[in-house]
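Trainee: Sequence:
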Amino acid sequence: MKSTTKIIGTCITILFLFSQCKHSEYNAKTPMMGWSSWNTFRVDINEILIKETADAMVEKGLKAAGYTFVNIDDGYFGGRDTLGNLQYHT
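Quick note: the sequence shown uses my numbering, first residue 474, plus one each step.
These are computed hints drawn from the structure, not numbers from a lab. Be a bit skeptical, because a hint or two may be false.
Listed below are the simulated DSS-like cross-link pairs for lysine-lysine, each with C-alpha atoms no more than 27 Å apart in a straight line [unchecked claim]:
1) 502 to 533
2) 524 to 536
3) 536 to 502
Computed spacing ranges between beta-carbons, pair by pair [to be verified]:
4) 515 to 483: 23 to 29 Å
5) 532 to 560: 18 to 24 Å
6) 503 to 478: 43 to 49 Å
7) 552 to 506: 26 to 32 Å
8) 482 to 507: 24 to 30 Å
9) 502 to 548: 28 to 34 Å
10) 504 to 546: 16 to 22 Å
11) 558 to 485: 17 to 23 Å
12) 531 to 557: 38 to 44 Å
13) 488 to 536: 40 to 46 Å
14) 559 to 529: 31 to 37 Å
15) 506 to 557: 31 to 37 Å
16) 539 to 478: 47 to 53 Å
17) 487 to 536: 39 to 45 Å
No residue lacks a Cβ here, since even glycine has one placed at the ideal position from N, Cα and C.
Produce the entire structure from the sequences given, and follow the hints as far as they go.
Mentor: This is the structure:
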């Protein structure tokens, strides 16, 4: 009986402590929001395309909505060889 009381008391204490935890100010309120060149253009990118896309994000109001990242992916990864090693585009 004593061990059951201890277990129940411990569970109640833990639940109380967790209920008092506040949401950290460092936790993100939204996921990282942005655009990646790979999703649309794969390896067919250039400076003009990236600049035009970034400008369009601002013009369409995406920056104001929280879309702040422009990820430039040049397609460095070219697959794997027969041993499983990463290959790069040449």
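Trainee: So, for every hint listed, does it hold in this structure?
Mentor: Against the structure, the hints:
1. Simply put, residue 502 and residue 533 have alpha-carbon atoms about 22 Å apart, close enough for the 27 Å limit, and the pair holds.
2. Proximity of residue 524 to residue 536 is assessed by CA-CA distance (about 14 Å); at most 27 Å being required, the pair is judged to hold.
3. Between residue 536 and residue 502 the CA atoms are separated by roughly 16 Å; this keeps the pair inside 27 Å, and the hint holds.
4. Checked against the hint of 23 to 29 Å, the pair residue 515 and residue 483 fails, with Cβ atoms roughly 55 Å apart.
5. Taking the beta carbon of each, residue 532 and residue 560 are about 38 Å apart, not inside 18 to 24 Å as hinted.
6. One distance hint, 43 to 49 Å for the beta-carbon pair residue 503 and residue 478, holds here, with the actual separation near 45 Å.
7. Between residue 552 and residue 506 the beta carbon distance is about 29 Å. The supplied range of 26 to 32 Å therefore holds.
8. At about 48 Å, the beta-carbon gap between residue 482 and residue 507 misses the expected band of 24 to 30 Å.
9. The hinted window of 28 to 34 Å between residue 502 and residue 548 holds, with their beta carbons roughly 32 Å apart.
10. Range check, residue 504 to residue 546: Cβ separation about 18 Å, and the 16 to 22 Å hint holds.
11. Range check, residue 558 to residue 485: Cβ separation about 54 Å, and the 17 to 23 Å hint is violated.
12. A C-beta distance of roughly 42 Å is found between residue 531 and residue 557, which places it inside the suggested range of 38 to 44 Å.
13. For the hinted restraint 40 to 46 Å between residue 488 and residue 536, the CB-CB distance of approximately 42 Å keeps it satisfied.
14. For the pair residue 559 and residue 529, the supplied restraint of 31 to 37 Å holds, since their beta-carbon distance comes to about 33 Å.
15. Taken as a hint, the range 31 to 37 Å holds for the pair residue 506 and residue 557, whose Cβ atoms sit roughly 33 Å apart.
16. Taken as a hint, the range 47 to 53 Å holds for the pair residue 539 and residue 478, whose Cβ atoms sit roughly 50 Å apart.
17. Between residue 487 and residue 536 the Cβ separation comes to about 43 Å, which falls inside the hinted range of 39 to 45 Å.
Violation of the numbered hints given earlier is confined to hints 4, 5, 8 and 11; the remaining hints are satisfied by the structure.
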